[in-house]
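Respectively, the protein sequence lines represent chains H and F.
Every letter in the first sequence is one number past the one before it in this note's numbering, and letter 140, counting from 1, is 140.
Every letter in the second sequence is one number past the one before it in this note's numbering, and letter 322, counting from 1, is 322.
Keep in mind the hints are simulated off the structure, nothing from the lab.
There's no promise every hint is true.
In silico lysine to aspartate or glutamate, DMTMM-like type, Cα no more than 25 Å apart, as pairs [stated by the list, open to error]:
hint, chain 1, residue 1, chain 2, residue 2
1, F, Lys139, H, Asp6
2, H, Lys139, F, Glu123
3, H, Lys116, F, Asp6
4, F, Lys139, H, Asp21
5, H, Lys116, F, Glu237
6, F, Lys116, H, Asp130
7, H, Lys139, F, Glu141
8, H, Lys116, F, Glu123
9, F, Lys116, H, Asp220
10, H, Lys116, F, Asp244
11, F, Lys139, H, Asp315
12, H, Lys139, F, Asp219
13, H, Lys116, F, Asp219
14, H, Lys116, F, Asp130
15, F, Lys139, H, Asp130
16, F, Lys116, H, Glu141
17, H, Lys116, F, Glu160
18, H, Lys116, F, Asp28
19, F, Lys116, H, Glu160
20, H, Lys139, F, Asp170
21, F, Lys116, H, Asp147
22, F, Lys116, F, Asp28
23, F, Lys314, F, Glu237
In this text the structure is predicted, and so the values were computed from the model without any measurement.
Protein chains: 2
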Amino acid sequence: MSFLADLGLLALGSRLRAISDQLYTLADEVYRLRGLPLQGRWFPLLRLLQDQGPQAIGNIAAQIGQTHSAVSQLADRLVEEGWVTIVDDPSDRRRRCLSLTARARAVLREVRPAWKAIVQELEQRCAAADIDLLATLAKFETLLDSDLPATVVARCQASERSRVRIVGFDPALRQHFYRLNAAWLRKYFYLEAIDHRVLSEPESELLAGGGEVLFALLDDQVIGTCALKVESAGVYELTKMAVDESHQGLGVGRRLLARAIEVFKERDGTTLFLESSSRLKPALALYESMGFEHQAQPKSDSHYRRSDVYMIWKDPGGTTRGA
Amino acid sequence: MSFLADLGLLALGSRLRAISDQLYTLADEVYRLRGLPLQGRWFPLLRLLQDQGPQAIGNIAAQIGQTHSAVSQLADRLVEEGWVTIVDDPSDRRRRCLSLTARARAVLREVRPAWKAIVQELEQRCAAADIDLLATLAKFETLLDSDLPATVVARCQASERSRVRIVGFDPALRQHFYRLNAAWLRKYFYLEAIDHRVLSEPESELLAGGGEVLFALLDDQVIGTCALKVESAGVYELTKMAVDESHQGLGVGRRLLARAIEVFKERDGTTLFLESSSRLKPALALYESMGFEHQAQPKSDSHYRRSDVYMIWKDPGGTTRGA
DNA sequence: AGAATTTATGTAAGTGCTAACGTAAATCCT
DNA sequence: AGGATTTACGTTAGCACTTACATAAATTCT
């Protein structure tokens, strides 16, 4: 069991559930020893009826934090065992009001001292251990209220963002250059012959001519890539940009692009262009934000049938973004 | 839901269970958003296998605080879904060791950042709320360890003891004089004719002759009774002593007896005797401890067929016990 | 070494709860 | 007023877990 404790906040669910079960069996054991024909799990419902009089099922469910189904089923059982009766609400014939039987009220009067004893004993032990569990729990509950999952996921992404590195070509990663590009090409279009050739042999098709292939790594995982191809002296094409679908939204594309532009500048390129498709809205938005400008007429000698967009990079001045 | 909070420590079980469920759905939601094919409930098992290598089922159960059945069933499911494999332990052919598949290990590597994000977010929020939930919980867990139910029941009894009052005869309680005595008589013997007469009409049979009938009340509930009957001038018989079965162990009998002796003294009685049966060991022990002494030969003119014990009270001196 | 006990696990049945669906009654909307 | 929506509840199926029992292997005890 100490393993769960070692895991800390991660195993909190399991630990709390275990404590919860312990508390229920504590109550059951006390009831049994006192000869009270009661079950610990009935407590919230019975106590609610005792404190606040007859209640409709949905109402009870809301107050004790369970579903109406649970209350409905429990109610059936308690009726069977003679603890509550169900009367139809005359003012609203959908509702069924539960109320305690005389016997239940009598037993509950007898149970009261046991409840008191449980509370007192727990309070005393908590005081001795110098903890205020109720206050701590109350705060913790409110802290779970707001939109935790989204916040956690955002935190995940921030951490990933900081773990992403952009690196140059490495033969060991060649397969990923193919894999990442093939994935999106197959999704939106289809692989053309030229794609297959370039993706399979980046060394001869791109690097040999003075181009570059970049990879984005998340730890040791390849999640994105893009390439620069030399079309003619000083004229570079940005191409074969792809980011793994499950890692989009991390800004990987932007960083690949920024690095490609750096490379282009380092090599004193004169023109940087790209060809794309009007169907790829998010990609186009990225290109625009990085300084690419749409050209009125498409490139005359495009290699791709899918491309209907032609953009040329204009240096927007200062470094828009660091690496 | 605030109803549960109002109940404080009593509804702790329900609240903890609710929080536990919330935490599981938090984890599930995070996994879903990150595209991880994992369930929150698998975490303790998978994490254990990841941290400590292949483990036998019983071992796992002990570490994660569940039954072996639960682990066995979960294991079957995880095997079906390709997360773990089961290999028989060669050194002990009863054991089946679970170990992670390669795929599971890969996925778990990917999950790690999500775990980290969850922990960090919760830690941050806890810090902001100025609570140390883990420390509080750890203390609370140890505080549940020792024998709580028995302690609580003892506390109940102590409280009842302080709420017990001994009162004189009241016509409104006459039925209880019959009820309490009939209960034990039917259990150990049977009602003799004389019993029925005395129990039905205590006023004429006991009080009219200068006797007394005492009742023990727990709040407004009659849980014990006993009577003094005048046999002849100054000679009193202690009789019709009965304590409700579910309220024995509270010292009610002792207090009834003590009060009866007081009454006997107040009325300047000369002899106080009782008749009983050797079968009623606990009662005899009480009589002895209060100063009654066994007589060698039984009373010659006993009214009861069941009685084979005859005791006479000898004042042990100082007041043994207050009321 | 053989019998008795303990240990490790599987299986079946049951409990407490939820999600998802369905239905009747009430309410809202012109 | 009459149709659309909402509300209150029941029902079913399923999950996670438990208890109780069964069984085979290991261990202990003479």
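Tell me if the straight-line CA distance from Lys139 of chain F to Asp6 of chain H falls inside 25 Å. holds (14 Å)
Holds or violated: are the alpha carbons of Lys139 of chain F and Asp130 of chain H at most 25 Å from each other? holds (9 Å)
Just to be careful, I want the Cα atoms of Lys116 of chain H and Asp244 of chain F compared with a cutoff of 25 Å; is the pair within it? holds (22 Å)
Within 25 Å, alpha carbon to alpha carbon, are Lys116 of chain F and Asp28 of chain F? holds (15 Å)
Does Glu123 of chain F sit within 25 Å of Lys139 of chain H, going by the straight-line distance between their CA atoms? Holds, because 13 Å separates the two Cα atoms, which is no more than 25 Å.
Does Lys116 of chain H pair with Glu237 of chain F here, judged by a C-alpha cut-off of 25 Å? violated (40 Å)
Are Lys116 of chain F and Glu160 of chain H close enough, with their CA atoms no more than 25 Å apart? Measuring from Cα to Cα gives roughly 11 Å; hence the hint holds.
Would the pair Lys116 of chain F and Asp130 of chain H pass a check requiring their Cα atoms to be no farther apart than 25 Å? violated (30 Å)
Lys139 of chain H paired with Asp170 of chain F [C-alpha distance capped at 25 Å]: violated (54 Å)
Are the Cα atoms of Lys116 of chain H and Asp219 of chain F separated by 25 Å or less? Status holds; Cα separation ~15 Å.
Given the hinted pair Lys116 of chain H and Glu160 of chain F, is their Cα-Cα distance within 25 Å? At roughly 12 Å apart (the allowed maximum being 25 Å), Glu160 of chain F and Lys116 of chain H satisfy the hint.
Keeping to a limit of 25 Å between CA atoms, is the pair of Lys116 of chain H and Asp6 of chain F held or broken? Roughly 14 Å separates the two Cα atoms, so the pair holds.
Against the hints set out earlier in the document, violations occur for numbers 5, 6, 8, 11, 12, 14, 18 and 20.
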